[in-house]
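A.B. asks: Chain residues, written in single-letter form:
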Amino acid sequence: MFTLLQIDADTMIRGLSISIVGIAIVFVALILISLFIAALPRLLSLVAGIFPEAEHARTSYARPDDSDDSEDIAAAIGFVLHTEFQRQLIENQLIQGRGH
Amino acid sequence: MFTLLQIDADTMIRGLSISIVGIAIVFVALILISLFIAALPRLLSLVAGIFPEAEHARTSYARPDDSDDSEDIAAAIGFVLHTEFQRQLIENQLIQGRGH
Amino acid sequence: MFTLLQIDADTMIRGLSISIVGIAIVFVALILISLFIAALPRLLSLVAGIFPEAEHARTSYARPDDSDDSEDIAAAIGFVLHTEFQRQLIENQLIQGRGH
Amino acid sequence: MEILVEFLKTTGFASMTWGNAIMIAIGVAFIILAIRKDYEPLLLVPIGMGAIVGNIPVIPGMALSVYDKGSVLQYLYFGVSQGIYPPLIFLGIGAMTDFSTMLSNPKLILLGAAAQVGVFLTFLGALLLGFSEAQSGAIGIIGGADGPTAIFLAAKLAPELLGAIAIAAYSYMALVPVIQPPIMRLLTTREERLIRMKPPRQVSKREKMIFPVAAFLIATLIAPGAVVLLGMLFFGNLLKESMVTERLAVTARTAMIDIVTMLLGFTVGASTQASTFLQRESLLIFALGAASFAIATAGGVLFAKFLNLFLTDKINPLVGAAGVSAVPDSARVVQMVGQQEDPHNFLLMHAMAPNVAGVVGSAIAAGVLWAVLAR
Amino acid sequence: MEILVEFLKTTGFASMTWGNAIMIAIGVAFIILAIRKDYEPLLLVPIGMGAIVGNIPVIPGMALSVYDKGSVLQYLYFGVSQGIYPPLIFLGIGAMTDFSTMLSNPKLILLGAAAQVGVFLTFLGALLLGFSEAQSGAIGIIGGADGPTAIFLAAKLAPELLGAIAIAAYSYMALVPVIQPPIMRLLTTREERLIRMKPPRQVSKREKMIFPVAAFLIATLIAPGAVVLLGMLFFGNLLKESMVTERLAVTARTAMIDIVTMLLGFTVGASTQASTFLQRESLLIFALGAASFAIATAGGVLFAKFLNLFLTDKINPLVGAAGVSAVPDSARVVQMVGQQEDPHNFLLMHAMAPNVAGVVGSAIAAGVLWAVLAR
Amino acid sequence: MEILVEFLKTTGFASMTWGNAIMIAIGVAFIILAIRKDYEPLLLVPIGMGAIVGNIPVIPGMALSVYDKGSVLQYLYFGVSQGIYPPLIFLGIGAMTDFSTMLSNPKLILLGAAAQVGVFLTFLGALLLGFSEAQSGAIGIIGGADGPTAIFLAAKLAPELLGAIAIAAYSYMALVPVIQPPIMRLLTTREERLIRMKPPRQVSKREKMIFPVAAFLIATLIAPGAVVLLGMLFFGNLLKESMVTERLAVTARTAMIDIVTMLLGFTVGASTQASTFLQRESLLIFALGAASFAIATAGGVLFAKFLNLFLTDKINPLVGAAGVSAVPDSARVVQMVGQQEDPHNFLLMHAMAPNVAGVVGSAIAAGVLWAVLAR
Ligand code: NA
Ligand code: NA
Ligand code: NA
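Residue numbers (this note's numbering), protein chains in the order written: chain A, 1 to 100; chain B, 1 to 100; chain C, 1 to 100; chain D, 1 to 375; chain E, 1 to 375; chain F, 1 to 375.
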């Protein structure tokens, strides 16, 4: 074993076969994926309507436009301060958490 | 097996017993929990003082009232920007994290 | 077993040996760590340059100085509101998440 | 080149069966249902993808499926087959559940007990159809409308049916908005559906802290078989309510439950190999499961009407339908059906009480069945 | 109906023992202590709830407890019984610990060594009381005031005592604010308690990066038995200080350690079944544990006074009490006792140095005991 | 005192070998490389610290190393030795990967296939050097430039070489910025390196949702051996793109992948004990690994030039080098080399397409090799 280039021809032939089949399989699979992707927009326009397109309520909340008046500023600051307190709270807990 | 309605009477009687006892146990347990909950406020006024009520320092921080002056606004914005930078930093790390 | 003070002398001698060796090992290890730490600043000035000192780009982003003008305020508030919406979104998902 | 032939024989196309194709289509359907209808997406997406993965035909010699000794999927499936994931999910659920509405109106708890009639009637039905006692117990618990409880009991009583029971349980939990409303309307009059209930009282922090410990002791001293599921559920709730372990509760209800949910859903899906899954038993289990959901819903609604005979503050009997658990979907269904009669009637909060009580109720039912039926 | 009788025999009420009731009461007491006094809540709440769960009497035939083969709790307890959880907790602790104060004042490290005298004197005491050598080693490590280290060593040397040792270790860690102050006052004069120490110097990022690797090499080349505990501790610290692995350090000190803490605490609690836990040995272990905490505290304080004989910049000997570890409670106790004499004396930062050194010290002590006593 | 002698014999100094010292130095070098050069720090830091921990010489009788039955490190290493961690890492990678650029320009996928020529040529090389078929397959996959894939296949085909293969794979992934640029410049003309590519088109949400399911089906029906790796990768991606399972995707790409990364890196490092690691085979594996990276890079670049013979919208052949995967470092290298010729040419986005295609390609290659070579 480990004696360079002294392996028998059968092993190398089998190895070569595996390599050729192997790289061929990789190419076939990725070419098919590639073709599928290329065809996908057309497929979709055929079967339009099976999957939703940006119609989900949960993601379609609108950014409010009038975010400039003082009430919003106060709200924003309140939230920021709240967040900051939360953060400090968590940090305190982290320090405590040390005592495992 | 799996021949509809051809099981012997003993099995069904045992099955019925299990069912009746079973639903009875479920009711007894949940009725007892229900009664305990109903009695809990009275129990608590009897043994008041064993468990704390909103006395924990860590949760009782006050919301500041004067959150409107410019100093606070600056602080808030500073924190927001800091948070935003943190977020970007994390995102960068996520991108790096891809290289697993 | 568990009959107080009736163990044989051999066991106690072995126990004493283990204790003395043990506390000695603890001391030796921590003294060596202590000496290493004490010598570390000098070692570092000798081999300066192997480890970086606060040169990492990723952590050295600057805090912007001019964080006071209205554009930034708007941006900050926008981000805060966005964060708040995200938070609500996550809370909604948590409620949904209940249905495991 | 024989290597090519040898390899081609290992491809999925060569050994694909109709069964595999059907299961893959079901997996895709689960994913579409989750995305389009938002029905239990956190479980239908993992289960659906798992079903697709589990039905790619693989070479007999390779350890790939959840049933192959030493395969990666088998290790991940271990948490399902040994019933380890369900209690962990209960830990996370406990850490996210607010029992306030239940504490403020304890009589609604009984609706969560009544809905368990679905469990035991289905148990009898399964016996009638010729399933063994242990199998019938595991099938009956589908009526508990709690995926983790169903998986836990199936793992203990009838591991051979685990896949079908889990899929049935989660399918019907997802279909709660389809199954329940007709039954609810059938069994209630319009006047009943219009009943408005008094707003729940404020519950003190102290009550919320004491509740998990006390409820655990009461329930498990009566039904010790529920000790693991309820132990984890109330442990999670104690972490949430104790005010001193918030960081643990946060992790339990985020990272921990998410990791377990992904692995549970994916491997349960992957266990639905056509060869073991597409059997007559599975169809019977699905039929029994549908029946059990219907019976449980009826049980909750009718028991609410029964209670109203004695109560001055009437219960809106729609709320009884939430006793099946399927948290929180069945409570949302109650809200929806109620608002169809009266858009200003907000039943959601009231429905949460039998909803969470139903979780406890079916864990107790599972404990009883396990204790009686385990050899 | 015999089914009813059969079932009633399986209820907890039927087989409840006094021992179970006592253990449940202890579990409740742990939870109350955690909530009211804020003593180590992240461990006392899980252990307390676990003790309640573990003492619900269950049917002999059912696999429910941590000791039953194939039960869910046994799988979760595996991380305790094989010593897997403790190194993972050390990983998280390493990722949260800032060794700066220790690096800035290395002579304070010796106080963390001195406190380990409690370990070895308790080891001798346990031998005297008739425990075997291996058992005595596991009991001695309670004096290290580190729960994970105690569990790790007990799992390796005396698994039969693991429950008692773990409960003793965590109980006394929780009671540090009660145990330590009288000993600290007894062994110091008012003048000593008034000593103010120089503020620590600024430590460079580079030193913090090199420290975990160097300290690991020094400690484990001398005591290789500590390789797992210290390897994880310093791995976590390297993740924290390397500046390029922040996301791993964040997960290690949040989600990862939280998940392990919940499972460790809960299953250790559940292992305290009255039948195995309420033994004479457990009482002896508790007595030895109390002694070991007292000795360790005295060891740290007295060694600080000894060092002061040679130092010009005197150490406030109160700081020596933090050498027991019990991070960070004993450091807080030092701060508190110091401020009772002089409200403007801030000892907390100085106390953190022996505090974290004590963690390393007891891991080394555990490594030594394991190496010598393992068969 | 014989105890002292006995103990001294157990210290690391006594049994330290030159091999251990070399491996510890390599571990330190990994950490320095990660910190100073920012090369794959999330893996080099854990592996480096693991290598240090694994090479502290321990007492033969004690269960400490990853190879000792019942040791903590062996339990943690189980996820490596059984190939469990790699699919979990793929789950997290799937949940962070945006396949948009690949979807918008599907012909770039072929570059990810071409780079796999490195896998099979290295397989032949390993056969020539006398490794067994199974070993050669595991060594060849180093050319896939994907750590998890390499570990997975080595665990299945040649566990005895796992340490060396994993270290080689991660070392060269870290060294991509050193290995690739000269090869890329050698094989391209300046005109080719200046080619600008058209900006990718916008991809719809619907396409992104369908892609993971469809790509999984196509790839694994052809190569079922890749079912676990690709199943997890595309499961993660479906969680990300389905829009209804965002919380699961977030956990998969943060807490979950971080925990697995820490454990995988640390235990892989700890498996490099000098006695098993410093062998002639390891050196050969490193040599073959370097060759495979070079060949894979050349394969990608040359195939891009070949494609250009037929295309009107020419591909910048530098982009082909990203086909080796090593996500995202090789894409960054493409960007960097491209900008050295034309600072206004932004190739990063285009390079991401073959980059992620390379991940899929080497998982398929691994599936093929496993199917053919597993006994
Ligand atoms: Na239920
Ligand atoms: Na200690
Ligand atoms: Na690749």
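These are calculated hints, taken from the structure and not from any lab test. Built from N, CA and C at the ideal position, the CB exists for glycine as well. Do not rely on the hints blindly, as some may be mistaken.
As the list claims (entries may be wrong) - With a Cα cut of at most 30 Å, we get these calculated DSS-like pairs of lysine-lysine:
#1 K208(D) with K37(E)
#2 K208(F) with K37(D)
#3 K69(E) with K205(D)
#4 K314(D) with K208(D)
Said to hold, decoys possible - A few chain E residues that don't get close to chain C, going by computed Cβ distances all over 12 Å:
#5 A25
#6 A115
#7 E191
A.B. asks: Please go over all the hints and tell whether each is borne out by the structure.
C.D. replies: Each hint tested on the structure:
1. K208(D) with K37(E): holds (18 Å)
2. K208(F) with K37(D): holds (18 Å)
3. K69(E) with K205(D): violated (39 Å)
4. K314(D) with K208(D): Roughly 26 Å separates the two Cα atoms, so the pair holds.
5. A25: holds (26 Å)
6. A115: violated (10 Å)
7. E191: holds (27 Å)
Consistency note: the structure conflicts with the earlier hints numbered 3, 6.
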